[in-house]
Amino acid sequence: MPATVINANRLTKRYGVHTVLDAVDVEVQAGECWGLLGPNGAGKTTLLRMVIGATPPSLGQLQVLGYPIPAQATSMRRRIGVVPQKDNLDPDFTVVENLRTYASYFGLKGPVLERRLEELLAFAALESRRNAPISTLSGGMQRRLSLIRALLNEPELLILDEPTTGLDPQARQVLWQRLRALRGRGMTLVLTTHYMEEAQRLCDRVTILDQGRILETGPPQELIRKYIEPQVVEVYGVGLDDWHRTVAASLVERSERVGETMFYYAHDERALLAALNQQPELTYLHRPANLEDVFVKLTGRELRDGQ
Amino acid sequence: MDNNGYSADSSPLPPPALRWLPVWRRNYRVWLKLVGPALMGNFGEPLLYLLALGYGLGTFVGTIGHLPYLVFLASGMVCSSAMNTASFEGLYSAFTRMDVQKTWDAMLTTPLSVPDIVLGEAIWAATKGLISSTAIMVVAALLGAVADWWALLALPVIFLTGFCFAAMALVVTAVARNYDFFMYYNTLLMTPMMLIGSVFFPLQEMPAAIQWLAWSLPLIHTVELVRPLMTGLPLEQIWLHLLVLAGYSAAFLALAIRLCERRLLA
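Protein sequence lines correspond, in order, to chains A and B.
When we follow the working numbering, the leftmost residue of the first sequence carries the number 346, and every step to the right adds one.
When we follow the working numbering, the leftmost residue of the second sequence carries the number 6, and every step to the right adds one.
Note that these hints are calculated values from the structure, not bench results.
Bear in mind that the values here come from a model prediction, so they are computed numbers and not experimental data.
Fair warning: there could be bad hints in the mix.
What the hints assert, rightly or not - DSS-like, lysine-lysine: derived pairs with alpha carbons at most 27 Å apart:
| hint | chain 1 | residue 1 | chain 2 | residue 2 |
| --- | --- | --- | --- | --- |
| 1 | A | 431 | B | 107 |
| 2 | B | 38 | A | 431 |
| 3 | A | 454 | A | 571 |
| 4 | B | 38 | A | 454 |
| 5 | A | 454 | B | 107 |
| 6 | B | 107 | B | 38 |
The following block holds chain A by itself, in its conformation from the complex (with noise of 0.2 Å):
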């Protein structure tokens, strides 16, 4: 297996005068997990649909496996697995005739199937369900039988868009567990998410990709380190603009309104606490910063609505 699983270079796709994405450079190591973040539009399923062959480069380089592609996507895509954005499970079929028809693109069948067949409806905790129609599974159940479903081939890279979006918290706290699982044995995984606590917790490496440009990659916490001031307060209530005014502006580095919230950054945070802790009719929360400040830092606030 190449030490460098998806080598893109300068991809760009160009839909008429419309770049979608434009000149992205990409290398994700074998064993790693790769987190792919941005706004609705910024490119991301573009660029994922680019890796599995599905989309033709309008420019640009880019091998998977160490097959070039799109040209050699058909022998590359006997060592991937797929988790679509949304569950396309056959709902003629049950959750193991699910996996049986999927399994049969591979062509794998007989014992080898069976055993494989065994040990992913108890990865996923399905075993009890093997016969339930798929309208019968709740949201949660329904992913984590597409994660299965993708991983029937025994895949060297996995890739994933947007695992957990419409999931509810113990759900996606299931998945995340059996995500870290495949990465503990050495899996290589590739994801897209609006979920910045997901990236945080799950990647090794995210790249943040807005209006078809990379604007940064790296581990979460450098990235956190590199542009956020290490404590956030975030502060909202009456009178909010009068005391930051009079009071807190000058007891921080950095701070940034939110619609009816004040962000405040800080390196020493304690002058700003004391400050609050006079003022009762204010409510804020202190925490460390996270990845979704740089996110919003690099990527603005204002709202995208997806093209």
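Use these hints to put chain B onto chain A, whose structure you have.
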């Protein structure tokens, strides 16, 4: 589940020429789940039509050529049923899998590619056409409307016909935005083709322009092969008819693949 025991070279992937087979098998398994009502429709509908039209209308019509109307109609319905069944599968059912259920998207994250999917869908639609036409032939035989065992030679022609109409339907599906779009195809092409395809009445008395139009479309070529095979009349210009059906099949399959690639791999 350790990664090391698996190498891509040992993957038992079928050879490229057979990769349509898992696509066909997936549709077949879904069909099997509802095989009862499906076969009921396949046998019941033609039985009712043949009885009602064959005997009811046949009383007024008498014979066409030397054939009793029931016999004429039965051989025509075997042909039109292959067309209708394969077309419906290539339009509505294929569109459901492509656009609504995203079954094709799932297939495209595996080693299958667009030509495998389109070919698998076309062969499956042809299979369904064959099933429904065979059911009609059985019903016709029970009603005494089939001459002899030579009629079995019509089945390969029926399969080719189903494939031909499936390929044409998949071209329409590849450019469809919704189910309503198919009404244009049904009303502007399928229904006229059936009405001037020598299914319900012969073409001889029609204006020349209509006859010319009918011969430029595939259905009448099926009828010209299947009706003699089912009724014992002499076969004429076999290769011409087969060539038209094969030509339509090849051209529209290639176009369907091209258009589906444009739609799915943008």
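- Item | Straight-line alpha-carbon gap residue 454(A) to residue 107(B), limit 27 Å | Holds, at about 24 Å.
- Query: Within 27 Å, alpha carbon to alpha carbon, are residue 38(B) and residue 431(A)?
  - Reply: It holds: about 25 Å lies between the C-alpha atoms, which stays within 27 Å.
- Keeping to a limit of 27 Å between CA atoms, is the pair of residue 454(A) and residue 571(A) held or broken? violated, 50 Å
- Message: What's the verdict on residue 38(B) and residue 454(A), does the C-alpha distance respect the 27 Å limit or exceed it?
- Response: Cα-Cα ~21 Å, so holds.
- Query: Under the criterion that the straight-line Cα-Cα distance not exceed 27 Å, is the pair residue 107(B), residue 38(B) satisfied?
  - Reply: holds, 20 Å
- Query: CA of residue 431(A) to CA of residue 107(B), is that 27 Å or under?
  - Reply: Distance ~9 Å between residue 431(A) and residue 107(B) Cα, so the pair holds.
Violated hint for the displayed structure: number 3, the only one.
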